[in-house]
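Got chain A sorted already, so can you dock chains B and C onto it with the hints?
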Amino acid sequence: MANPNGIGASVRRREDQRFLTGRGNYTDDFKRPNMTHAVHVRSPYAHARILGIDFTDAAAMPGVVAVLTGADMEADKVGSLPCGWQIHSKDGSPMKEPPHYPLARDRVRYVGDAVAVVIAETREQARDAAEMVVVDYEELPAVGSSTRAIAGGAPLVHDDAPDNVCYDWHLGDQAAVDAAFANAAHVAKIDLVNQRLVPNAMEPRAAMGEYDQSTGEYTLTTTSQNPHVTRLLMGAFVLGIPEHKLRVVAPDVGGGFGSKIFHYGEEAVVTWAARKVGRPVKWTADRSESFLTDAHGRDHVSHAELAMDADGNFLALRVSTLANLGAYLSTFAPSIPTYLYATLLAGQYKTPAIYAEVKAVFTNTSPVDAYRGAGRPEACYLIERLVDVAAGVMGMDRTEIRRRNFVPKEAMPYQTPVALQYDTGDFAKNLDIALPLVDYPGFQQRRAESKARGKLRGIGFATYIEACGIAPSNVAGALGARAGLYECAEVRFHPTGSVTVFTGSHSHGQGHETTFAQIVAERFGIPIENVEIVHGDTNKIPFGMGTYGSRSLAVGGSALVKAMDKVERKAKKIAAHMLEAAETDIEVKDGRFTVAGTDKSLGIGDIALQAYVPHNFPLDELEPGLDEQAFYDPKNFTYPNGCHVCELEIDPDTGVTTIVSFAAVDDFGNVINPLIVEGQVHGGLVQGIGQALYENCVYDEESGQLVTGSYMDYCMPRADDVPSFTVRYHEDQPCTHNPLGVKGCGEAGTIGAAAAVMNAVVDALSEYGVTHMDMPATPEKVWRTIRDAAPAPAMAAE
Amino acid sequence: MYAFTYQRPTSLADAATAIQAEEAKLLGGGQTLLPTLKQRLARPTDLIDLGAIPELKGIREADGGLEIGAFTRHAEVAHSDLVKRVIPALASLAEGIGDRQVRNMGTMGGSIANADPSADYPSAVVALKATVTTDRRSIAGDDFFTGMFETALEPGEIVKSVRFSRPDKAAYAKFRNPASRYAIVGVFVARFGAEVRVAVTGAAGSVFRAEAFETALAADFRADALNGLSVDADGLNADIHASADYRAHLVTVMAKRAVEAAG
Amino acid sequence: MSCTVSMTVNGKTVSREVEERTLLVAFLREHLGLTGTHVGCDTSQCGACVVHVDGRSVKSCTTLAVQANGTEVTTIEGLAAADGTLHPMQAAFREHHGLQCGFCTPGMVMSAVDLVRDNPNPTEAEIREGLEGNICRCTGYHNIVKAVKAGADAMAGAQPAPVAAE
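Chains as they are written, first to last, in our numbering: chain A, 7 to 804; chain B, 4 to 266; chain C, 690 to 855.
Only chain A is shown next, with the shape it has when bound in the complex:
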């Protein structure tokens, strides 16, 4: 590696200096002269009619600047929050797409639905006044769960969505699957729930709106993973502000995990209100408000069946899923349980026929949308639990049944029966690396040792494949996406050879300021200190689709490479002119432009200077300057894959599960910065472990009240809940269709971990005849399972 800070180096992050010294700039840190504070008045009911809003007393409270309601928005012709993906049902009809107003107009549909906003001089004053707003509600019967939503006679969340169904969709060849089941020697079946989770980025959402009367320009500073998307959606569909008059800034953002992809009503409210009150308006969520109003994740109820031949070869998979979308359609909600879920149901296996049906329903709960993994953890969990059940049916070792059914490396590229074409992957290799890491042969002895101490030990495997960097745009468009899925980058060489990169990707923990700079430093042979990465501001970045779905490097990084290609092409022409050589004779390596076979050469810095001081420049052929922009639209998804192994111990006296070891082996294609990649894996694993053992977003089914509305009841994994990890990756199978050969690593940990943990839990409890347990495996659930198992095995009985 020529450049010490180039590709493959564990460069220490450049953004850390400001974060470690308290100099980060998060949305709530911004303060403007004359700024006001917004507090929302939110529905305490899951479902109610708004009969009237009386804010006379509130408006008279100290410091109150304005109290605004849905009626004010309606009068100003503020639109509905748009949905970015349209799904069609089996019968060809489009999904139900009811309006979703930033401030409710006649009905509220979940606890936390905003009905008014109070704007005051201070936040406490706004809160004082918000309490004085009197909303006259007529409470309506509510639907607190997906199963209740489809029960006969359930109340309707939206009058124009009969039976609360948004869409009833399917994918795959039903006839082929039915035929395979008819001929199957064995069938494994499972019913499972993939419970609802709250993403819980540590920075609560916040938004600040500003309006400049002299220019008519609006600025929204917001906790967003993709400011351009917010600008487009809010500008074009909600507030009717043309893009050239609307700037959206996403400064330092304290984690997103999907929950900050979406355009939320509060962003529109503060932007609109800033003009109405003629002053900047800032809103910052309390954590309690985040629990109620951030888009949640998962929430599937599924039944699945796997047909096998006499040798345990998979013949067909049949899946039926009920997905809860919440009260309204969040920005990308419809795509999650469909194209990001059912298309992944082949997993790593060569199952020839797959058929999936997904019914998505409205409920009186917070909207549900992408949360780290978004559909893929649900698919992985379902397949990998089912494969363990299948191993039980067949009496096969759980690694053996997987190995037998893996898509072999030689079969790549591999067309699955559920639309995707995997480009690369060596699934057996992942398993081969993983098994020695966990000393699989020694497991039975460790289990015996645990048993001697009165503990139950289990080991669980999960293999996963995910599809990242959704694309190409034309395919996504055909599947219902209402946006493009490319990325943009601009590479601006400055006259003295330093570089500013403008990327449409957004970093909220991923470390782009470091990894993107590594790519540039490597390509041009310049010190990393000479490269600056700019992101998160629509006035600076040409365009961007932001960061989600592990797409930044695969799509944003590829755009960066394309822009660098353009820079290099132009620089080559300039070099040829300066060196008085034919362009075809110029060789380029590490930013050095050399006339082949000679010692005549120029560095990129010399060329940059000439580009801006064009005294010796091919002005008749080229424009001055060295500043290039590129859009990259991927040819295919990328397919990170891997194998996770979890070993754990259960204390049968209390039901407490303790993870003893966890190994993750991943194929992310080429790796730019190992330190950062491993960090992404660690974080993802804990979110997966969190789902398996701790986290559960609970609504009361009847009342629609959120039961787990704070960290007092929603269990966030803490440092002492989780172990240290063994993380390995290999770079043998680079992505074949993007220039960096990268696949993406942001979601992998979360996708595999929950299944690995639950497979280990079930393994630990197998002697009690347990074949499945729904997540989370809380102490009480585990204890009760053991207690209720009959007859109790010969354990050291209490």
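Derived from the structure by calculation, the hints contain no laboratory data. Careful: at least some of the hints might be erroneous.
Claimed, not checked - DSS-like mimics (lysine-lysine), calculated; alpha carbons at most 25 Å apart, straight line: (1) A:K606 x A:K579; (2) B:K28 x B:K60; (3) A:K37 x C:K701; (4) A:K37 x B:K41; (5) A:K606 x A:K578; (6) A:K595 x A:K568.
What the hints assert, rightly or not - Covered stretches of chain A (chain B as the covering partner; in silico rule of three or more C-beta atoms under 8 Å from a C-beta of chain B): (7) 707-721; (8) 775-788.
All figures in this text were calculated on a predicted structure; none of them were measured in a lab. Just so it is clear, CB atoms sit at the ideal spot from N, CA and C, and this is done for glycine as well.
What follows is chains B and C alone, placed relative to chain A:
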């Protein structure tokens, strides 16, 4: 938080006067009160900060046991060499309250006066035959906790100190709520000669003694002596984290662990 | 309803007239402009707001500014040396990639420094337990634990070991 007037008296007498104001509240370390105020679940007119009153501070050896001032922070109890020497189980209980930051602020007096059903200290007050001294009187530990968030304290009465007896052996075992980290069940076992006390917190509306456990352990102070014993699940707390019968089961498990830890 | 609050923050004496209900974190962020201390929850669980008051870590979202009257407060902005040299704990977080989005980081670092002051040579289990009042959603804690261990070692090397640490 609603607006209030803040007062910081420097003597117990001044605090006793200040607390007479209607809707005044005493402020210890604030680790329960401030979150309550932030959620606007209480609306005191006055907050009387007890942090500047010398009479409420300090840890002393008294009658062979310990007397701990009401405004002694959990971290001070946890780290006190005196507590570790005289009643190590109490230091270890304090070390397990909340988290490091809560322990650096929270106070013993605040904890027992609040009488949260899932607080740790009430179990020690009962198991260690404590006496609670207020600005008006002494209250036996057994009589202090009267219900969920209810104590024998009269309006405006201020806890001054808590006097704990020194046991021969003692230990506290807790099963934490995985989310909030409060006790789902905490059991304090203490042996004084032939007498054994088993005080249970977290499981019910208020701390209680498991008398059958005490009898069994008085006869045979070993974990196995509790085999087959359990508390009645009727009337125990139940929530999404633990049902009543799970709590009842955990009382036995934690009691055994406490006995084992007491040695 | 308002009162004067005075304290030493990061070595500088400050005094402000504030409402009595002002939390220490609001005092720091809104009145002093020290926005490195964050608010991540409203139930005193997440620890993003941890600062040192008289050398001990506390949750500044669960402390009134008036309660800190007359104390010495250190925030994340005051941890590095005056010349900008990172505190050994800050440097260790950087070296071991103990942060991603950076939001929990100030509280995490302040807690870690306090933890090491009590226990200069903590085990992995002690570090994990000692950080139970700080929630991180990004890192999975793996690298934070490594960083705290390295930070502890560096703190021991950088300063004479405390003779009689409390």
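Results for each hint:
Pair hint A:K606 plus A:K579 holds up; C-alpha atoms about 15 Å apart against a cutoff of 25 Å. Our distance criterion of 25 Å between C-alpha atoms is met by B:K28 and B:K60, whose separation comes to about 19 Å. Straight-line distance between C-alpha atoms of A:K37 and C:K701 comes to about 22 Å, which keeps the hinted pair within the 25 Å bound. Proposed proximity of A:K37 and B:K41 is supported: the alpha carbons are some 23 Å apart, at most 25 Å.
Restraint check: the Cα-Cα separation between A:K606 and A:K578 comes to about 13 Å, which is no more than 25 Å; the hinted pair holds. Straight-line distance between C-alpha atoms of A:K595 and A:K568 comes to about 17 Å, which keeps the hinted pair within the 25 Å bound. Under the rule that three or more residues need a Cβ within less than 8 Å of chain B, the assignment of the stretch 707-721 of chain A holds, with 7 such residues. Check result for the stretch 775-788 of chain A against chain B: holds, 3 residues qualifying (beta carbon to beta carbon below 8 Å, three or more required).
Violated hints for the displayed structure: none, as all numbered hints are satisfied.
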